[in-house]
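Asker: The primary structure of each chain is shown beneath.
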Amino acid sequence: DTAVSQTPKYLVTQMGNDKSIKCEQNLGHDTMYWYKQDSKKFLKIMFSYNNKELIINETVPNRFSPKSPDKAHLNLHINSLELGDSAVYFCASRPTEGEQYFGPGTRLTVT
Amino acid sequence: QKEVEQNSGPLSVPEGAIASLNCTYSDRGSQSFFWYRQYSGKSPELIMFIYSNGDKEDGRFTAQLNKASQYVSLLIRDSQPSDSATYLCAPTKRGYSSASKIIFGSGTRLSIRP
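Here the protein sequences line up with chains A and B, keeping their order.
Once you know that position 47 of the first sequence is 47 in the numbering used here, the rest is easy, because the numbers rise by one and skip nothing.
Once you know that position 34 of the second sequence is 34 in the numbering used here, the rest is easy, because the numbers rise by one and skip nothing.
If you are wondering where the hints come from, they were derived from the structure by calculation, not from laboratory data.
Just to be clear, a hint being listed does not mean it is correct.
Lysine to aspartate or glutamate pairs mimicking DMTMM-like chemistry, simulated, CA-CA at most 20 Å apart [claimed, not checked]:
1. A:K71 - A:E53
2. A:K41 - B:E45
3. A:K41 - A:E82
4. B:K101 - A:E53
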């Protein structure tokens, strides 16, 4: 009965590869987010979807493409992975106003 | 100017003492303020939220908000070693839609020494 789940938990891949991270929430929230947390622990918002509609698209390379097939799912696809993409990626969901609930994170390592 | 500013620390506090964590924010339109705790290797979890000026207490935690000064703080009384973590200040900011988004500070690392 996990509220926000992400797969995979760990992802190790080589530069130039394409990879996807999946996120699902069972809280019934309308809004979902992707955050990137780098080695300095700064949590930076990347994207947000509200009811399958993209509402926040921060300054992120277009190699990153989010997709929301329904309001319970938000996936992140990354093309042509670079060393600087290594980080922990957190998915989160939130009701219209209120706190955010985070997934467990996906640690991406690009070699 | 950063949207949310926190002292990165580490802030070292003896066990049983009061830990004081401070945060300033730039958006005067921020309405809601959240404090998250993040243990190493884990995801952030909500500790407290505050909407109105003044103090809000929840157990050993007290959040303080001063919107005129654009300042929010978190006090932890009777600090325990289990309080050692990074604390993230997170005000809301009006986004592209009617819903707001939460902006996170870079966090203050707190260490409680026995």
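Asker: Between K101 of chain B and E53 of chain A, is the straight-line Cα distance small enough, at 20 Å or below?
Answerer: Holds, at about 15 Å.
Asker: Hint check: K41 of chain A vs E82 of chain A, CA-CA at most 20 Å. Holds or violated?
Answerer: Cα-Cα ~19 Å, so holds.
Asker: Is the Cα-Cα distance between K41 of chain A and E45 of chain B 20 Å or less?
Answerer: Between K41 of chain A and E45 of chain B the Cα gap is close to 15 Å, so the pair holds against 20 Å.
Asker: If you draw a straight line from the CA of K71 of chain A to the CA of E53 of chain A, is it 20 Å or shorter?
Answerer: holds (9 Å)
Hint violations for this structure: none, all hints satisfied.
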